[in-house]
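Chains as they are written, first to last, in this note's numbering: chain H, 926 to 1706; chain S, 635 to 1130.
Incorrect hints may appear among the rest.
Said to hold, decoys possible - Pairwise CB distance ranges (calculated):
{"hint": "1", "chain 1": "S", "residue 1": "P808", "chain 2": "H", "residue 2": "E964", "range": "23 to 33 Å"}
{"hint": "2", "chain 1": "H", "residue 1": "D961", "chain 2": "S", "residue 2": "P732", "range": "18 to 28 Å"}
{"hint": "3", "chain 1": "H", "residue 1": "D961", "chain 2": "S", "residue 2": "E814", "range": "27 to 37 Å"}
{"hint": "4", "chain 1": "S", "residue 1": "K856", "chain 2": "H", "residue 2": "N1153", "range": "53 to 63 Å"}
{"hint": "5", "chain 1": "H", "residue 1": "A977", "chain 2": "S", "residue 2": "E1004", "range": "52 to 62 Å"}
{"hint": "6", "chain 1": "S", "residue 1": "D987", "chain 2": "H", "residue 2": "N1073", "range": "53 to 63 Å"}
{"hint": "7", "chain 1": "S", "residue 1": "D1120", "chain 2": "H", "residue 2": "E1068", "range": "38 to 48 Å"}
{"hint": "8", "chain 1": "H", "residue 1": "R1359", "chain 2": "S", "residue 2": "E1004", "range": "55 to 65 Å"}
{"hint": "9", "chain 1": "S", "residue 1": "E923", "chain 2": "H", "residue 2": "E1221", "range": "43 to 53 Å"}
{"hint": "10", "chain 1": "H", "residue 1": "R1188", "chain 2": "S", "residue 2": "P732", "range": "38 to 48 Å"}
{"hint": "11", "chain 1": "H", "residue 1": "A993", "chain 2": "S", "residue 2": "T642", "range": "28 to 38 Å"}
{"hint": "12", "chain 1": "S", "residue 1": "E814", "chain 2": "H", "residue 2": "K1054", "range": "38 to 48 Å"}
As the list claims (entries may be wrong) - With a Cα cut of at most 25 Å, we get these calculated BS3-like pairs of lysine-lysine:
{"hint": "13", "chain 1": "S", "residue 1": "K872", "chain 2": "H", "residue 2": "K950"}
{"hint": "14", "chain 1": "H", "residue 1": "K1304", "chain 2": "H", "residue 2": "K1094"}
{"hint": "15", "chain 1": "S", "residue 1": "K768", "chain 2": "H", "residue 2": "K1052"}
Simulated from the structure, these hints should not be mistaken for laboratory data.
Backbone N, C-alpha and C fix where the C-beta goes; we use that ideal spot for every residue, glycine too.
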Amino acid sequence: MNVMQPIDRIRGGVHEKEKHESGHKHVSGTAEYIDDIPEPAGTLHAYLGLSARAHAEILSIDFAEVTASAGVVGILTADDIPGENDISPAHKHDDPVFATGKVEFHGQPIFAVIATSRDAARRAAAKAKIDYRDLPHVTDVKEAAAANYPLVIDPLKLERGDIDAGFAKAKNVVQGEMRIGGQDHFYLEGHISFAIPGEDDEVTVYASTQHPSETQHMVAQVLGVPSNAVTVNVRRMGGGFGGKETQANLFAAVAAMAARKYRRAVKIRPDRDDDMTATGKRHDFHVDYKIGFDDEGRIEAVDAVFAARCGFSADLSGPVTDRALFHADNCYFYPNVRLRSRPMKTNTVSNTAFRGFGGPQGMVGGERMIEDIAYTLGKDPLEIRKLNFYGGDGRNLTPYHQTVEDNIIGRIIEELEVSADYAARREAVITFNRENHVIKRGIALTPVKFGISFTKTEYNQAGALVHVYTDGSIHLNHGGTEMGQGLYTKVAQVVADEFQVDLDRVKVTATSTGKVPNTSATAASSGSDLNGMAAANAAQQIKARLISFAAERYGVSEADVAFEPNMVRIGSERVSFPEFIKTAYTARVQLSAAGFYKTPKIHWNRSEGRGRPFYYYAYGASCSEVSIDTLTGEYQVDRTDIIHDVGKSLNPALDLGQVEGAFVQGMGWLTTEELWWDAKGRLRTHAPSTYKIPLASDRPRVFNVRLAEWSVNREETIRRSKAVGEPPFMLGISVLEAISMAAASVAGYRIPPRIDAPATPERVLMAIERLRGNAATETTR
Amino acid sequence: MATEIRNTIRFLLNDRLVELADVSPVQTLLDFLRIDRNLRGTKEGCAEGDCGACTVLVGRLLGGRLKYESINACIRFVGSLDGCHVVTVDALAQPNGPLHPVQQAMVDTHASQCGFCTPGFVMSLYGLWMENPKPSVQEIEKALQGNLCRCTGYAAIIRAAEVISSIGEVGKDPLVVERENIATQLAALQDGRRVVIGEEAERFVLPASVDDFAAIFESNPKATIVAGSTDVGLWVTKFMRDIAPVVHISLLEDLRRISVDRDGITLGAGVSYTEAYPVIVEHFPQMRELWDRIGGRQVRNMGTVGGNIANGSPIGDTPPALIALGALVTLRKGARRRTLPLEAFFIEYGKQDREPGEFVETIRIPCLEEAVRFAVYKVTKRIDEDISAVCGAFRVTLDGRGKIADATVAFGGMAGIPKRASNVEAVLEGADWNEATIETAMAAFAEDFTPLTDWRASAEYRMLVAKNLLRRFYLETQEAGRVRLDRAVAVAVQGV
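In isolation and in its complexed conformation, chain S is listed as follows (with noise of 0.2 Å):
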């Protein structure tokens, strides 16, 4: 194939074109925004995308949109970049300007304290306040789901964020305003070639195409595969590790396609979480709690549906409900594909049924039938941007007699891999849909499952969980009154 290569990526930094001929695979943006480009306004907390202090802009087009979406920079790898707008705070406000009406809200409501979360709170707040000019308290908190503070106690940032629209119009602001100009700008920066940057082992690959990313890695099976560099990124800032040469994938269009039909829907591999959340909270809304929780709102932006299957963790969000959903997932190798169910994809801690030079290519979640009862729970120390302690997925099908025709249960955190509890299930199938079949099969979870202890959670807590899980996913099919935490925000009475 004469795939035409380019030696080079492009993107604009705020309000000015760069382009990099010699940039590691490794390089992250926020090492290449504070130490080469001396801007430093955007901090590190704690490289690995959780703190939030890193939030920038990113503006990516896809299919022919631009939207702009908050992300870590401090995981997030400059080759990623490429046709991308990124935005930091520096250029919010111009030299001796006034401030923007995100940074004006902030210092009204007294919103800093010691200052050094605050440029991420500013940029979260202004990714919001760009598509959610006025936004209700719990759309603020999803969006600060991924910036922490210390100092506040939150209480003042949510006031800024209630207020901006207050100061400025967003209709006004350049972003807005700018947005078809900047959009050509991008759009002339897409010449569909390859983009190789780097030498053989050191080098890392932007594919054309799906098609050329897979003639790639079947040709570098040991290239590493970087979607949303949420976890890769951190074998980069935590563990040091080599991951050269290195395939990004999160800019193939082809990858991020969703697709419904009236069985289910399919989901590129590439897409992100919020680019799915509308289909999945639409087709599946009692996944809607799950999806508002995983990771923070930057995380969701970068992540991958596909990169939590394929990276195997025992504790990824998605893969139980996926599981219980009856997901299948297909994988491609060159031009070979194969369809597996995504239950038989993990095989055991740290390894899956895939092949050398094979990749996932899309997930395909069937629909459910009306009468089938599905829930999904994720049990955490802390309610948001927290990694499962415990996460229970069911799905029974009563037949009209009241009894289960058909049961599947899956778990993340209770063992090596996301893993269906088989004993659990085969008490529950044909057994009547009662509180004597729940005791029982809350039994059964011994025989599953053999959970370990560790600083998220002792065995026996996981153990307890998991069997109230069952209790609980049976007592909201009975109406039992309110039988989980009401997240509702009340309106503040503050000064009473």
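In isolation and in its complexed conformation, chain H is listed as follows (with noise of 0.2 Å):
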């Protein structure tokens, strides 16, 4: 053994500010999307016929201008598929890959064209001469209770205490409703899949999908083959957020299809309009709640409905719907409590899995009410809030049970009232709406408390598969997929830092379920979580081995081998690692691990509604100042200041990334995304034309993120870390709580302003409208 000089620490361990694994090759446009594979000679392409009515029967469908369109080499309909014609997530065969008889929604897919170009393909699906009988449809919530649709899923109930008794000793009762609107995820690539059929009834698929597993079984179940057949594969989704956690299985289904009827390479990227028509999207929700409180404003009974636009079919709007109710409390502790949602079915496309999960659907439900009970008060919001939080004796148990034990939602607010000098900048603003007349400010500080896990609890378990080679370089591979989140380069920190390698040494190879078996999605912000512990594992193993075999070899104890940074220490010897790698091999130590994980503790009754359904809570908490037109409701973001719990960071700079991002796509949610059906049932907000997400000029403009680099999960998570995908998507709260205060003050922050979300234009100078009469009707009186 050669004698080394023992160095510090590695390059990229955990904890590191490190750059994003492909950061370079995103800026110089050599990042491999999906469209971006070279095709094979003679691939295919494949185009979806969408549905034209909201709710019809199809009579007859004509497609011989298709078929002579030029370039069209044959049609895909529900009779070609050679398994089952479904596509169901929550596998209530709810989910066709294509309608047959009706229709259920306008953009649903009905037939897919197949030709030698995209170009072509897509002309000749529009020539498709479909005779519908119209149904009655219904696109909205209420409408749809109204009419008596069936709920697509079992609803669920949290309840606790006796909220009889506790409206009934409440000073203060308050009924309202909100409506909520849904989201488009507008990932900047849309969906897309590339089908290459193998051997016998193999087939390998690239798809953009957040859920590989999942998208291999629902390939397998079309066509009809066990699920050994399929190959999955994805490097890199240009976005997902939610929208390719089961959207994705429709485009792969379809070309995988037509891959194995043609034998030939088949690619299906729908355009952005169709994208947005025919995939799910965050679900809109309608909230009825009373609140009865006392003179104080302290909580003594909630009652609330979340009742959800959850489309045709079920998808995942049982946990979506779910999770609502999980995030109707926030932070706050409710005494007597009972909550309840209706996943209503629409005529609308199926709403699938946001960012968030319905939890932000929650927890501005769950803010509504706050803001209730303070401008009924004459009180500051934030001081409801802090009266309300969980903690102190006998205030800790959520309304399913579970009690909340690591509650630092107190310290965060406490910093951030005074890093964003709130209490002054409340009175500068309470002055400044007193002296101007057309613009009128607000600001609002508002807190996060997000659980962590997937509240199905076989969901949380991952994979890895690391294997270090003879020349000391790592390959790993795990369930988790790479989506801009950072994933892949965290997961690398993690096993960098498990063999104390520079960072440079391991590569991530794309996510494949022939490497990695029955994954879970990488959604509900598990990524790192549960892949970085799985990878770990597998790295321990090796490690382990390692240990083994050079305390064998060398006479010494296991406990005198060591991983130091670049080296492995034997007694007081150090080696170089890839030295030690060859010594291992030479002596047949094995090589390569697959790891495993699963998350401890948690467990949930649905049909009790009691259980730990969270490993953990992560935290944080927004401020942000709005200036609003009172001639027409527009407005801006004039500062937010925010911090967020990350637990000890994988990757501070890369979490912050989320944190901003996040904000800044819920601030999107709440204020200018608007989704709008006509009277058809059609979606008229299909495209970057009709649909706002923010831009750079709608960042607050003044923006100061921080982390709470004190925190530390008290769970044994990978490092201590917490997720970070979802919670701070609700930062964007106090926005939305900010544009209520401004619209407030033209009724003396004397009447709730209730502007249902997004907090549009239209809608906030409705509001005031609505104030400044409701104001003049008071002072009547």
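Got two chains here, each in a separate frame; can you build the complex from them with the hints?
This is how it looks when you write it as structure tokens:
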């Protein structure tokens, strides 16, 4: 053995501000997305034919012009499906690949055209002549309930305490309702799948999916082949945000069907408008609530119903509406509570996962109740928030009977109040509003508590595959998918840290069902928690073998073998990592391992509404100040300050990016992003020209974001970090609340402003008109 | 006329000369890059010029000067690139060489997450950096109005834009160093010929001059005129409409003239929003905000004032203001010209006073006399890169005694065409310029307009906003304190 000098630390270990592993490729255009993969000769292209009606029987379809169109090779309908015409992720058999007999939303796929170019397929698809008989349709949640539309899946009820007694005791009772709009994901890379047929019944699918295992299973189900015939690969997505958790399955299934039928590679990529029309979005909610509270603003009882626009099928609406209820309490203790979900069927696209997964809608509902209390009592909403925080004897039990054990919201709020100078700025805002009649300002400081774990316990497992090659380079693969969040970077940092080698020694390869099987979706913010642990476990297995080998070979105790930065210490001697690996290989040590992890402690009994669905909570808070124009309802965010908890960050640079990005996305959801259906049940905001996500100039004029650097996860998560994907999305709520305050100023802050979401300029102006009218009425009285 | 004809188009693509004889009139630059040339760094995000993922730079000679501008490759037709230099993200860094300073800045500041929008941001920032190496935050925001990012929240991208010049010198950039050389190459491509590609109904034509254009269009009145293609591009990418035969006019220098005299300015119909900007804001500073909010930077670089008028949209950005200013439009058919007030050009939804074979040649905007008060307000769901829900323009002249001598009020988004509010004007004219007059005039909007409800706004909101804009116009003449949002960006206090 060579004698080597120890060095301090590796490059790119955990907790370092390491750059995104693909950053240099993103900026040079060399990062390969599915549409960039060179096509084999003879590649065909598929394009979907979509329903032009919201609800109708299909009487007949005439494909004559489609078939005659240039470049067309064939047409696929439900009749061409070798297996099942179903891709319901809830296994409800309510989600056909192609509609048969009737269509249940405008934009539902009915057939696919296969042609020699995408353009040819797309032009041909528009030429089908479909004869419909219209049926009554419903797009709105309230109307669906009135029309006795069914629920798409069993609802959930969370109940604790005695709400009748709570309301009886409460000095004040307020009832209200709120509409909360949905949201399109607007991933910049739209849906795409590329299938290449193999031998026998095999097919390989490159899919832009957050859930390769489910995509694999769905493709197998549709093709009528075992899962082992299907391999799904994804190197990276150009954004997912939940929109590619289940929605990619359709495109993968169609591409795979066509590939198998024509024995050629087949690619499918819808135009942006079709992508937005034919794939699910965040659920719109209608919340009916009743709150009882004392004169200080302390909550006595809450009774609320969360009805959701689920669309025509169940998809993930069950767990989405469940999570809305799980977060209707946000950071607040409800002594007596009843929360019920109503997952309504509607004639709209089946809504799906989107960052926060129902949690944001639940939380907005909870914050609306706080706002109502504050304006009813004429108090600062922050005062009401602090009064009702979890904490203190008997005040730590959630509506689902999980005890909040890791509450740090008090400290976060305290720090943010100081760093954002909340109290003084609120005074300044009130003074400004006294002196200005056209422009009004508002400021709000809102908290976030978000539960981490899939509420379906079985999903909380993960696998990873680690190989160490004889040159000491490391190949890492795991079940998580990279959609920009930096998961590949973080997990590589974990593996580098385990082996104590520089990060550039670790290469992460494309997620593949052939390498790590039966994975869960990269969703629920769980990517790093689950895959980081699985990868660490794989590395630890290899290290254990190496330690045992070294101890035996060199006659030292196992405790005397240590992985030090870029070398291994055996007794008092040090050897470089590659050299050590070569020696181990020669001695026939297995240098590859499959790692596994399952989240401990969690359990959930849905029928009883009781358990510990979450391993831990992530916290954060934001303070936003806005100006609104009372002549037009237009507004801007003047300043936002954020402190967010990611535990002990695996990568503070990437986590900061997640927090900034999530805030802006959350703000967009609650402000300018509006889904609008016309009387015929057609979504008319289905492209960036009509659906307005935030631009650079929409971000707060002053934007101060920092991580709660002192935070350490009390649970044994990967290096004591916390999940970061979803929780900061809800920091955007402070913008809605600040707009509310600005609007409320026209009525002396004494009338709950109750602006529905998204608070478009129109909704803001109409709220101002209403508040002015109400204020005038009150004065007259 | 014995016009010489060429049957190929020629342009520089990165470091190569491209000459094409067989190109469809609806071939977009994006598909050409990605499918024909296998240059896949440039991405398709929306195919309608709204997301900027497909941003590339196009250099073109104007008055002998070579200028690079960001454009949306998804709605730009290849046929319009004759004599241009197309620069894509693929060419910014040499393979295995160091990253370009713009790229390095983006990496260093963690400004990419999913990376799909990133090449477009790189190109927009590259375009900005070449003309303004030390931009302010507002200038950066303006350059990025046409680029959507769904991951980062933009903060990191702004940080990247601020540090580019600390990584590299713009003076050493290849496109700056080689500018003269490239200009010479492009000049050599300009042979003054008419370009015709394809046969009969499937052909497209690049006229040699405006006279040539007039002759071609007069004899082919069903041809589609394409200037900036920010609207026609979508006819192809979204509606799959057959637009051939096509006449591309974006390269006609004669149509891109701007002339200024004592009484007003005259814009050639092919002048882009970007080209018009300096002269517009100099003469009509009240239009600065409106002009800054037309589309994104890429759309302003491509789109033309003439196109904004000629397409007859009821929600075009410039017509309300131009009508209020008393702009005149000159139409030409063959050698015949006629001039009419812009408001008379718009007859009803989808119908303009334009004969077959006739085209908009110039727009004349008279200067304002000093006593005239003028303002235009654009109201949208999102502040930047959005189409108006309502756009209102007001021009009022007061006599010496505080009475309104003359009033013009024009609106977009309130009717099937950009339209004057004649009843409102009637109330105003001759009345005192005071609160009571404004109240009465606000009520008159109901006689002028019956707006529609759509995804941009309800009829109720449009009507209320129209009235309130008149109030704002009045308040702004009264110096009644702050009556508009303050878009200034304060210096960030990160790390408090």
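Outcome of the hint check:
With their beta carbons about 32 Å apart, P808(S) and E964(H) fall inside the hinted range of 23 to 33 Å. Checked against the given bound of 18 to 28 Å, the beta carbons of D961(H) and P732(S), roughly 23 Å apart, stay inside it. Distance hint for D961(H) and E814(S): a CB-CB separation of about 35 Å, consistent with the stated range 27 to 37 Å. K856(S) and N1153(H) have their C-beta atoms about 59 Å apart, which keeps the hinted 53 to 63 Å range intact.
For A977(H) and E1004(S), the hinted distance range of 52 to 62 Å is satisfied, since their beta carbons lie about 57 Å from each other. Checked against the given bound of 53 to 63 Å, the beta carbons of D987(S) and N1073(H), roughly 54 Å apart, stay inside it. At roughly 42 Å, the beta-carbon separation of D1120(S) and E1068(H) lies within the given 38 to 48 Å, and the hint holds. Here the CB-CB span from R1359(H) to E1004(S) is close to 36 Å, at odds with the stated 55 to 65 Å.
Our hint of 43 to 53 Å for E923(S) and E1221(H) holds, since their Cβ atoms are close to 47 Å apart. Between R1188(H) and P732(S), the C-beta spacing of about 45 Å keeps the proposed range 38 to 48 Å intact. The hinted range of 28 to 38 Å is satisfied by A993(H) and T642(S), whose Cβ atoms lie roughly 33 Å apart. For the pair E814(S) and K1054(H), the supplied restraint of 38 to 48 Å is violated, since their beta-carbon distance comes to about 59 Å.
Taken as a hint, the K872(S) and K950(H) pair is broken in the structure, with Cα atoms around 30 Å apart against an allowance of 25 Å. Between K1304(H) and K1094(H) the CA atoms are separated by roughly 21 Å; this keeps the pair inside 25 Å, and the hint holds. For a cut-off of 25 Å, the pair hint linking K768(S) to K1052(H) is broken: about 52 Å separates their Cα positions.
Hints 8, 12, 13, 15, counting from the list given before, are not met by this structure.
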